[in-house]
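Keeping their order, the protein sequence lines are chains P and V. All residue numbers in the first sequence are consecutive under the UniProt record's numbering, ending with 392. All residue numbers in the second sequence are consecutive under the UniProt record's numbering, ending with 56.
No lab work stands behind these hints, which were simulated from the structure alone. In this text, all values refer to a predicted model and were calculated from it rather than measured experimentally. Possibly wrong hints are sitting among the right ones.
With a cut-off of at most 25 Å between alpha-carbon atoms, the simulated SDA-like pairs for lysine to any residue come out as follows [said to hold, decoys possible]:
id : chain 1 : residue 1 : chain 2 : residue 2
1  : P       : K106      : V       : P52
2  : P       : K96       : V       : L21
3  : P       : K136      : V       : K18
4  : P       : K136      : V       : F20
5  : P       : K382      : P       : K106
6  : P       : K92       : V       : M45
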Amino acid sequence: MSIPSMWKIIRSPSTHLSLGVLTLGGFMAGVVFWGAFNTGLEATNTEEFCISCHEMEANVYQELQETVHWSNNSGVRATCPDCHVPHNWTDKIARKMQASKEVFGKLFGTIDTREKFLDKRLELAQHEWQRFSANKSLECRNCHDYNSMNFDNMSEKAQVQMRRAAERDQSCLDCHKGIAHELPDMLEGVSEAFAQLEQSAAVSGFDTGKTYYSIRQLPIYEDPQLAVEAGQLNAATPVKVLEIDGDSLKVELSGWRRTKGFGRVINEDFGFNISSGHLSKAAAQNDQLVSGFERKEDDMTGLEWERINAVVWMRAGSLAESTEMIWDYAKETYQSSCSVCHTQPDENHFDANTWPGMFNGMLSFVNLDGDSQAVILKYLQKHSSDFSDDKH
Amino acid sequence: MNTNSETKNEVSAVQETKAFLLISALAIPLLTVLGIAGYGFVVWMMQLLMGPPGHF
C-alpha cells in the first residue's frame with residue numbers, strides 16, 4: 001500500500017471499524033505505551049544499568065562501597081540514581097537527554113581508563129557540585145531533612161555546624177563534598193606553578209643596599225660559610241642586602257618580636273602576627289646578630305614588643321625584586337584552591353591577626369605544600385582589612 | 001455494503017485495520033517518544049544557558 005493511499009485512509013472516517021473498536025484499541029495502545037515508557041525509564045534508572053558501563057563500575061561504584069551510603073546501621077542505602085538523577089519529571093527527562101553525552105563518551109572511550117577518569121574527575125565533580133549547589137542538594141534532602149534532624153543526638157561539634165546550616169537552609173554539599181566518592185586531586189599542579197614562580201621571579205644578580213623579597217621559606221645562617229643555622233626566613237619577606245660574599249648574602253631583617261620567652265619569632269610590624277621568620281634559640285639571644293631598639297606594650301595582650309634588626313647570612317637565590325609576582329601567584333592559588341569548595345572570603349574580610357586562625361583551620365581540606373601555605377597566608381594578611389583602603 | 005458509486009474509493013477492512021495498527025501501535029508512540037525527547041533536550045539546552053535547575 002502506498003503512503004498517499006494510507007494517508008487517505010487515515011484521514012477518512014472508518015467504514016469497517018466501529019467507534020467502539022477504535023476507542024478501545026486507542027485506549028489499550030495508550031495503556032501499553034504508558035506502561036512500556038515508564039518501564040523503560042525505570043530500567044535506565046537502576047544501578048545495574050549505571051554500572052553496566054565499565055567506566056561507572058570500575059571507578060565511582062567501587063568508591064561508593066567504602067562509604068556510609070553503601071552500608072550503615074539502618075540498612076538503607078543510596079543507589080546511583082537516588083543522588084544523580086533528578087526525581088522531578090521534567091528535570092529527569094532533561095537528565096536522560098543529557099546522558100546522550102555520556103553515550104557519546106562511552107562510544108569514543110573518553111574515560112575508558114582509570115588515568116583518563118582521574119584526569120577528568122575534577123571537571124566531572126564540578127558539574128555535579130554545580131547542580132547540587134543550584135538545587136540546594138535536593139537529592140540529598142529527599143532523604144535527609146533538616147526538619148527531621150534531632151540535633152540533640154549529635155556530637156557537640158556537629159550540633160554547632162548543623163544548627164547553623166539548618167538556619168540558613170544550607171546546601172549539604174557546601175560542606176559534605178566527597179561524601180560518597182573520593183575527592184578529585186584539586187591541587188595537582190600547584191607545586192609546578194610554584195616552581196614556575198621561582199624560576200621567573202628570582203633575580204640572579206644582587207646589589208648591596210637593595211631590598212629583595214624571599215620567594216619561599218629560606219634557611220638563614222650565622223656565618224658566611226652557611227654552616228651554623230640561625231633559623232628561617234618566611235616567604236614574601238623583605239631583606240636588605242648588606243654584603244655579598246660569593247654565593248652568600250649578608251642580609252638585614254627588620255621586624256618586631258615579643259620580649260617574653262626567647263624572642264625567636266620575628267613579626268613584620270608592632271602588634272601584627274605577620275611572620276617574617278624565626279630564629280634559632282642561640283641566634284635569638286646573640287647580641288651580635290640581633291640588635292634591639294625601642295619597646296612598646298601591646299594593649300590587646302599586655303605583652304611587650306621590641307623592634308629589632310637581625311643580621312644574618314643566606315644563600316644568594318630564591319629572592320625577587322618585588323612582591324608583585326609572588327602576590328599574583330598567591331592570589332591565583334588562593335582563589336582556585338579555595339573556590340573548589342566554597343566562595344572564598346575577600347582578602348580584606350578579616351584583619352591580619354584573624355587570618356592565620358581562619359587559614360590554618362582550612363588547611364586540612366587541601367594539600368598545599370609548605371611554601372605555598374606560607375605565601376598565601378602572608379598574601380592574605382598583607383591584603384587584609386588592616387592594609388586595605390576599603391574596609392570590609 | 002459496497003455500492004457501485006463508491007467502487008473507486010473502496011477501502012477493505014484489512015486495509016483499514018492495517019492503517020489503524022500503524023498509527024496506534026507505531027506512529028503515535030514513536031512521535032510521543034520523539035516529542036518527550038525533544039522536550040527533554042530543550043530543557044537541557046535551557047539549563048546550559050540559565051544554569052542548573054534551582055531550589056523548589
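Practice prompt. Run the structure past the numbered hints and jot down the numbers of the failing ones, going up.
Written response: Checked against the structure, the hints that fail are numbers 2, 3, 4 and 5, while the rest are satisfied.
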